[in-house]
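Asks: Sequence:
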Amino acid sequence: LCEHLHLKGRIRVSIEGLNVVLDGPKPSINAYVSAVKSDGRWGNNIDFKLSEFLTSKPLDGQRFKSLCVKETKEVVSIGLDRSLSDPHKGAPHLSPEEWHHTLSSISKNANGDAILIDVRNIYESRIGFFNVPGVETIRPPLRQFTDFPSYFSNLAPSLVGKTVLMYCTGGVRCERASAFLLGRIREAEASQIELGGTTRVAQLSGGVHAYLKAFGCGEEGAADAGSCWFAGKNFVFDPRRVEPERGPITVGTCCGCGAQHDDYDNGPEQRCRHCRMLLLVCDSCRARQFATRLCGCCAAGTS
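Here the sequence shown stands for residues 12 to 314, numbered as in our numbering.
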């Protein structure tokens with residue numbers, strides 16, 4: 012179907028469903044969406060997300076060069092047995108509007124009982140994250156999604172009795188992550204009965220993508236703080252690197268000098284010499300050609 016429609020990109024096919032990232036002409040994309048929906052084998056609740064190319068970068072550099080289709084066991088892997096992270100047992104969903112209203116309400120009555128959890132990798136959250144005054148946001152130093160369970164296993168007891176709001180790029184990783192975390196929190200609740208209180212866990216439906224479609228601004232930035240609770244850019248795993256919609260202000264910083272900087276593509280890719288994680292390096296520091304750069308995790312000794 013993709014070859015017939017001249018579409019390129021990546022597709023993961025599993026018994027759980029499809030994980031698709033494609034680029035091509037809008038009529039071809041729309042035809043693909045219609046064909047998959049009408050096929051019936053993938054259910055009636057497929058969440059297709061459409062996004063534009065960036066106007067600030069050459070189009071050729073934002074296109075996939077080929078088509079890759081793989082059969083996998085899972086839509087996305089967290090490195091656990093399915094029984095511990097069943098995506099069908101994830102936390103309840105909040106629409107972008109419900110999420111925004113919840114964050115607005117919490118910001119007015121911040122009492123330390125709400126916690127935001129960024130499920131994404133650290134190099135993603137370095138250029139954009141939800142920033143709500145008075146609300147703690149946990150942005151764990153994850154290099155890959157399979158690091159999530161080990162990081163949060165020991166943190167689960169500290170979440171008992173709180174409102175836990177989880178988000179990721181498009182909502183896929185949160186299904187597994189929230190299922191795992193819910194299980195760990197319920198175990199912690201059972202051993203901390205004397206603490207009382209009810210733990211509420213929810214996830215952002217459609218992820219940062221859907222939220223910025225509703226409340227974000229364009230590439231140049233225009234939204235006022237408070238009208239959009241996401242600050243910075245939404246990292247994506249396609250040649251664009253980020254989506255056109257963004258939040259106000261720049262939150263990324265250069266790993267060399269600490270200056271404001273949120274562009275991974277202002278030159279050849281810069282990676283940690285130890286773990287190969289992507290690095291943010293401003294133009295000035297690139298000119299110095301440091302050969303011993305380490306990411307924040309390696310510099311801090313985080314395994």
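It is possible that part of the hints are untrue.
[Unchecked claim] BS3-like mimics (lysine-lysine), calculated; alpha carbons at most 25 Å apart, straight line: (1) 60 to 173; (2) 19 to 37; (3) 68 to 84; (4) 48 to 224; (5) 119 to 48; (6) 19 to 84; (7) 119 to 60; (8) 68 to 37; (9) 173 to 100.
[To be verified] For each label pair, taking beta carbons as the anchor points, the in silico distance ranges come out as: (10) 26 to 294: 25 to 33 Å; (11) 278 to 120: 42 to 50 Å; (12) 299 to 15: 29 to 37 Å; (13) 78 to 145: 16 to 24 Å; (14) 238 to 45: 16 to 24 Å; (15) 94 to 294: 28 to 36 Å; (16) 29 to 299: 12 to 20 Å; (17) 270 to 56: 41 to 49 Å; (18) 157 to 224: 40 to 48 Å; (19) 198 to 80: 19 to 27 Å; (20) 60 to 95: 47 to 55 Å; (21) 224 to 75: 20 to 28 Å; (22) 149 to 47: 31 to 39 Å.
None of these hints come from the bench; they were simulated from the model. Ideal Cβ positions, reconstructed from N, Cα and C, are used throughout, including at glycine.
Asks: Could you run down the list of hints and mark each one as holding or not?
Replies: How the hints compare with the structure:
no.: 1; hint: 60 to 173; in the structure: violated (31 Å)
no.: 2; hint: 19 to 37; in the structure: holds (13 Å)
no.: 3; hint: 68 to 84; in the structure: violated (35 Å)
no.: 4; hint: 48 to 224; in the structure: holds (22 Å)
no.: 5; hint: 119 to 48; in the structure: violated (42 Å)
no.: 6; hint: 19 to 84; in the structure: holds (22 Å)
no.: 7; hint: 119 to 60; in the structure: violated (32 Å)
no.: 8; hint: 68 to 37; in the structure: holds (19 Å)
no.: 9; hint: 173 to 100; in the structure: holds (20 Å)
no.: 10; hint: 26 to 294: 25 to 33 Å; in the structure: violated (47 Å)
no.: 11; hint: 278 to 120: 42 to 50 Å; in the structure: holds (45 Å)
no.: 12; hint: 299 to 15: 29 to 37 Å; in the structure: violated (50 Å)
no.: 13; hint: 78 to 145: 16 to 24 Å; in the structure: violated (46 Å)
no.: 14; hint: 238 to 45: 16 to 24 Å; in the structure: violated (34 Å)
no.: 15; hint: 94 to 294: 28 to 36 Å; in the structure: violated (49 Å)
no.: 16; hint: 29 to 299: 12 to 20 Å; in the structure: violated (45 Å)
no.: 17; hint: 270 to 56: 41 to 49 Å; in the structure: holds (44 Å)
no.: 18; hint: 157 to 224: 40 to 48 Å; in the structure: violated (29 Å)
no.: 19; hint: 198 to 80: 19 to 27 Å; in the structure: violated (39 Å)
no.: 20; hint: 60 to 95: 47 to 55 Å; in the structure: violated (27 Å)
no.: 21; hint: 224 to 75: 20 to 28 Å; in the structure: holds (22 Å)
no.: 22; hint: 149 to 47: 31 to 39 Å; in the structure: holds (35 Å)
In summary, the structure is inconsistent with hints 1, 3, 5, 7, 10, 12, 13, 14, 15, 16, 18, 19 and 20 from the numbered list given earlier, while agreeing with the others.
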